[in-house]
Amino acid sequence: MRTIRLLVAKDLRLEWRTREITTTVGLLALLLVIVLAAVRPEPAAAASAMWVTYAFAATLGFARAFALERDHLTGLRLAGTDGGAVFLGKAVVNWVLLAVVQAVSLPAFGALFTEAALARAGALAAPLVLGGVGLAVVGTLFGGLIVQARLREALLPLLLLPVALPVLIAATSATAALLDGASLRAIGPQLQLLAAFDILFATASWLLFEFVLEE
Amino acid sequence: MRPLLAAATLLMLVGIAWALLAAPTEVFQGLPQRIMYLHVPAVVTAYVALLVVFVGSVLFLWTRQARWDRLAHSAAELAVLFITATLVSGAIWGRPVWGTWWSWDARLTTTLVLWFIYIGYLIVRAWAPGSRGARAAAVIGIVGVLDIPLIHWSAIVLRTLHPQPTVFRPEGPALPASMLPPLGVNLAAFLTLFVALLLLRVRQERMLARLVEQLEAA
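First to last, the sequence lines map onto chains A and B.
Be aware that the first sequence starts at 1, since it is given in our numbering, and climbs by one per residue.
Be aware that the second sequence starts at 1001, since it is given in our numbering, and climbs by one per residue.
Please keep in mind that the hints were generated in silico from the structure rather than gathered at the bench.
Where is the CB? At the ideal position from N, CA and C, for every residue including glycine.
Keep in mind that a hint or two might mislead.
Claimed, not checked - Facing chain B, a subset of chain A residues (Cβ under 7 Å, in silico):
{"no.": "1", "residue": "150"}
{"no.": "2", "residue": "189"}
{"no.": "3", "residue": "191"}
{"no.": "4", "residue": "204"}
{"no.": "5", "residue": "211"}
All chains should be built: construct the whole structure from the sequences, respecting the hints.
Quick look at the structure:
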């Protein structure tokens, strides 16, 4: 638990001082919102535009999380941290960065697509958090997996998007329903699916990460 | 392995002849329904292949023996092959019967996404060779199979158009009795072909590993 807290604090402090990932990914997200809104600014397109943006931001941001660590993975191993702790630490950091992007871009969706994005921000937090955790979990697993591979920036979306498709489908459909005025109760099935995905893949990744980090 | 290939060829000839010439024509769908005799065996074989990838990947991570990795790798290639056959035959059947090549039905979506996941598996193998690539691929092989129920569930949340299962269901087959034997023969043919090709690829990979070993020793 302490290891995880230290890892998270280290990465967040590093990010706070450089603001590398938040700046580039945040700007990319804003750019995507503008491009998507310029093409089709209707409220009906809002939910899919949101999740396209988050998926893009996730693939770009998650690829960086381990690039940071590429030369120090051996150090992390020698420090006696176990794979599961490294996974949880990185997943938390990835999720926090994605949540920042989600929070920052929400006003843009509200201004360019539908005001419901802001008016219903409280309810929207449910699919945004559950979906964001799903993307962060799978993204962290695959990010660690391909950190040493060639062309990893191209590989990550290729692996992440198909596996995370259930997250994208359920989260987009839940977001669309909420923006349409549905209650949280009405999107119960989608939230259940998101929660099941998060739990299953968090557990599987936590168990498998020991093999991912091996030299 | 050679007798297996011969058996697969023979079974496939019998199965296809039976399906095309002897099996009854379905009243509503007409001739396109005969595609079912290839489509169903292909998809069953594809899922058997995925199961082999899963088992091979788990055993590889557990025991660290390269032979399990070779098994999983070979099965993944065949899984992609049979999933491709499933998708293509399904689309050709869907055009006349549904009036569309594609629909976002739960089964179709699941199969298509699996195709992408296992193409990714093969790409990781190609770009990250050696033991690191083997471990990465094993993780993907496990994650891909865990994802199957979730992809299926997520597509059901959308909607479903595919015919309900008529053969593999708890109440017993609903397919007319005259359609079952040709389907069975074709299923046996596809599974035999799968086992034969799997053994062939595993053997090739084993020889490759041995060659590399000898080259490095020399």
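### Hints breached by this structure
3
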